[in-house]
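Once you have looked at the hints, place chain P on chain U.
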Amino acid sequence: MTTFGQVAVRPPHPPADRPALEVRDLRMRYGSHDVLKGVSFSAAPGEVLALLGPNGAGKTTTIEILEGFRARSAGEVDVLGTDPASGDEAWRSRLGIVLQSWRDHRKWRVRELLAHFGAHYTAYRQPWDVDELIDTVGLTPHAHKRAGQLSGGQRRRLDVAIGIVGRPELLFLDEPTAGFDPEARREFHDLVHRLADESDTTILLTTHDLDEAEKLADRILVLAGGVIIADGSAEALSLRMSTTAEVRWTRDGQRYVHATAAATAFVRELFAQYGDEIEDLEVRRADLEDTYMALLRTFEGSA
Amino acid sequence: MTTTALRTGLQRGLIELRQSFTTVQDLWGYLFPTVVFLVVMTLMKGSTIPGTTFSRGSMTLPSLIGASIGFNALTNTMQQLTLEREDGTLLRAKALPHGMTGYLIGKITTISGMTLAGIVLLIVPGLFLFDGLEIDAMTWVTLVWVLVLGLVATLPIGAVLGSLFENPRTMGVIMLPMMGLVATSGIFFPLSELPSWMQGLAQVFPLYWLGLGMRSAFLPDALAAVEIGGSWRVWETLGVLGAWSIAGLVLAPVVLRRMARRESGSSVAARREKALQRVPG
Chain U
1 MTTFGQVAVR PPHPPADRPA LEVRDLRMRY GSHDVLKGVS FSAAPGEVLA
51 LLGPNGAGKT TTIEILEGFR ARSAGEVDVL GTDPASGDEA WRSRLGIVLQ
101 SWRDHRKWRV RELLAHFGAH YTAYRQPWDV DELIDTVGLT PHAHKRAGQL
151 SGGQRRRLDV AIGIVGRPEL LFLDEPTAGF DPEARREFHD LVHRLADESD
201 TTILLTTHDL DEAEKLADRI LVLAGGVIIA DGSAEALSLR MSTTAEVRWT
251 RDGQRYVHAT AAATAFVREL FAQYGDEIED LEVRRADLED TYMALLRTFE
301 GSA
Chain P
1 MTTTALRTGL QRGLIELRQS FTTVQDLWGY LFPTVVFLVV MTLMKGSTIP
51 GTTFSRGSMT LPSLIGASIG FNALTNTMQQ LTLEREDGTL LRAKALPHGM
101 TGYLIGKITT ISGMTLAGIV LLIVPGLFLF DGLEIDAMTW VTLVWVLVLG
151 LVATLPIGAV LGSLFENPRT MGVIMLPMMG LVATSGIFFP LSELPSWMQG
201 LAQVFPLYWL GLGMRSAFLP DALAAVEIGG SWRVWETLGV LGAWSIAGLV
251 LAPVVLRRMA RRESGSSVAA RREKALQRVP G
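As given, the protein sequences belong to chains U and P, one line each in that order. Here the first sequence is numbered in this note's numbering, starting from 1 and rising by one per residue. Here the second sequence is numbered in this note's numbering, starting from 1 and rising by one per residue.
Derived from the structure by calculation, the hints contain no laboratory data. Hints may contain errors.
What the hints assert, rightly or not - Taking lysine to aspartate or glutamate pairs in the DMTMM-like style, the calculated list, with each CA pair at most 20 Å apart, reads:
| id | chain 1 | residue 1 | chain 2 | residue 2 |
| --- | --- | --- | --- | --- |
| 1 | U | Lys-145 | P | Asp-26 |
| 2 | U | Lys-107 | P | Asp-221 |
| 3 | U | Lys-107 | P | Asp-26 |
No experiment lies behind these values; they were computed from the predicted model shown.
Pulled out of the complex, with its shape left as it was, chain U reads as follows (with noise of 0.2 Å):
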């Protein structure tokens, strides 16, 4: 990483005439099985979404649909202005798809393939400089190795690498930190940031990680049974739920812990009654694990 940590704050973004991302009422069905119920949701260029879920409740269906690998079965769905189904050659240089690789590309040296897929785009614009983009994912020492000789970890920088190649609009992101260590999860996580504010990439990711989704993304979806069950930033969920806060004290030697609704009088209480007895005081609000299992388990309960 070229230069870490200096883009800790997001900018607001200004109001786009026309979102990245439109899904209005998409649905998929295979056989008699409704995987996707009526799907809703659009960004707005340069934000930062990230699609949650449990497994199963279609993110990967919805994704596909998305990049045009798929065909829907019902629904409206607008990508970049156009529908996905009937994008051009043109639409797709504005894409960047994040695949999870295997052992595809073998044989070829990684600074070989990435100049190889830049050379797609040049038609369209300026694709990445190539030992500009293999030191931004810190592939340097590695530039000059077969893809087959990486380690778990560098092949999915390369992975990244050849989904940005092409400085797309919109970046698609399907589980990206699967399998890093946390220092490589760090990087690309300042890499993520990077992009959406540097380049103003729209981005659209999937992950099981919740801290990843809190630090990312700028709004966090989350898909169960088909449909859109919230939607809304890491905070405006966690008020929406209204989850209990955790709060933590010691008085004569002795840890104590609370969980209450209503932090704020709860804390005024314990102060009016015991004063400069408190001490280490902590008062922890539901983190997005709370708030997405509580919304899990309010929809299992409606559903």
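The following block gives chain P in isolation, referenced to the frame of chain U:
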């Protein structure tokens, strides 16, 4: 915009060829059969074609050159397409602008180059080892048109078969009959030595005609006498190879398009799961 596909396709083909010529495993794949064939043909040198004093070894060389064009183009295309669909190479191509067309142009370049390398490896030592061959300008003219037509007749058919097979490990279903076809296509002994129904069957497929075409290029005209009809049957060769070419060129785009449409991240993931269950680790 099609220039993108042509440019990237040729680039892909040349890179893959270079990789192929610098990978030990691939080099072994080129050299091993060549050495085996050269040894077999050398052992056949002593025996002569019935009714002539011409060595079987010298007759087999051009036949093998022809057959290897069809065999290599068809099986390599089929194999690479099935393997690269399983490992996700095709999906990567699908995610790129003009990627699928580029991939196909690349594949045609790679396979043609590999096929050419295969016959050069037979021709160069063959010319020194075997007597009685008649080499002149027409040899090379005939070689070129038979090679080009042979590639066009067999490569698209390989692509069609490759698209139909999901699992690279079931390709034996095609490889076995292919071996049988080589054995009965007049490569190692004249077709006239076979029962007539087998002669008829062999003449349906391109391998016999590729062998015949190369014999007409390398052998003295007098040897046409031992062929069916006592002639090199150039027009019939053009006709049969042309028919296979048309069939392949009509069929391949339809089948390839259908196959490509079905590729997605989840279809590759499903094949990966299946393959990992078969091969632990």
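Each hint, compared with the structure:
1. U:Lys-145 to P:Asp-26: The hint holds at about 19 Å.
2. U:Lys-107 to P:Asp-221: This hinted pair is violated, its Cα atoms lying about 46 Å apart.
3. U:Lys-107 to P:Asp-26: holds, 11 Å
Hint 2 alone, counting from the list given before, is not met by this structure.
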